[in-house]
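Take the sequences, apply the hints, and build the full model.
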Amino acid sequence: MASGSNVLQRYLHSQIREDLEYKMVFLGGPRQVGKTTLALDILGAKDRRHPAYLNWDSPYARKRLMEGEIPGGQPLLVLDEIHKFPRWRNLVKGFFDTRGEGTSFLVTGSARLDHYRKGGDSLQGRYHHYRLHPFSLGELTITPNSGDLETLMRFGGFPEP
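Numbering of the sequence shown is given in our numbering, commencing with residue 3 and proceeding in unit increments.
Hints listed in this document are in silico derivations from the structure and should not be mistaken for laboratory results.
Check before you lean on any hint, since a few could be wrong.
The list that follows gives simulated cross-link-like pairs (lysine-lysine, DSS-like), each with its CA atoms no further than 30 Å apart [as the list claims (entries may be wrong)]:
1) 95 to 65
2) 48 to 25
3) 86 to 65
4) 86 to 25
5) 48 to 95
6) 48 to 65
7) 95 to 25
8) 48 to 86
9) 25 to 65
Here you go:
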């Protein structure tokens, strides 16, 4: 469990935190797998109102991002669903290249986040990419038993139905 919350610490948590010290981290994966929850947990945010959490689906956040305005004084910025903007790579590259010392970026999104990797990549060398999968049996229980495996097989590893 994450300290002080009811969020299970995911298998990528430690690796992402470590990699954020050097580069951006892109976190992709299927819908409803827990990407935003993991990003908020890494950010240390109790909810989506944290000033360093910017969701492209929010008109307020979208306007700020389009104006090149990102919160100052934040060691980590989470850009959630920004892949919905057609030129998101250039926008993120600009933020990353002009960021203040000690500012990291965690970018989350679904399958489209992987799409840019097939062609020329203006972000080459600036990021680590991870794909989050549904919960595994090892993440859900410390010492799994046959009942745990049956439950996982019946309901799947996604956080919510």
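Hint by hint, here is what the structure shows:
1. Of the supplied pair hints, the one linking residue 95 and residue 65 holds, its CA atoms being roughly 18 Å apart against a limit of 30 Å.
2. Annotation: proposed proximity of residue 48 to residue 25 holds, straight-line Cα distance about 24 Å (limit 30 Å).
3. In summary, the hint linking residue 86 to residue 65 is supported, as the alpha carbons are separated by about 14 Å, within the 30 Å threshold.
4. The straight-line distance between the Cα atoms of residue 86 and residue 25 is roughly 22 Å, inside the 30 Å bound, and the hint therefore holds.
5. A distance of roughly 28 Å separates the Cα atoms of residue 48 and residue 95; the hinted pair therefore holds under the 30 Å criterion.
6. Under the criterion of a C-alpha separation no larger than 30 Å, the hint pairing residue 48 with residue 65 is consistent with the structure, at around 23 Å.
7. Taking the CA atoms of residue 95 and residue 25, the gap is near 11 Å; set against the 30 Å cutoff, the hint holds.
8. About 25 Å separates the Cα atoms of residue 48 and residue 86, which keeps this hinted pair within 30 Å; it holds.
9. Using a Cα cut-off of 30 Å, the hinted pair residue 25 and residue 65 holds, with the two alpha carbons roughly 25 Å apart.
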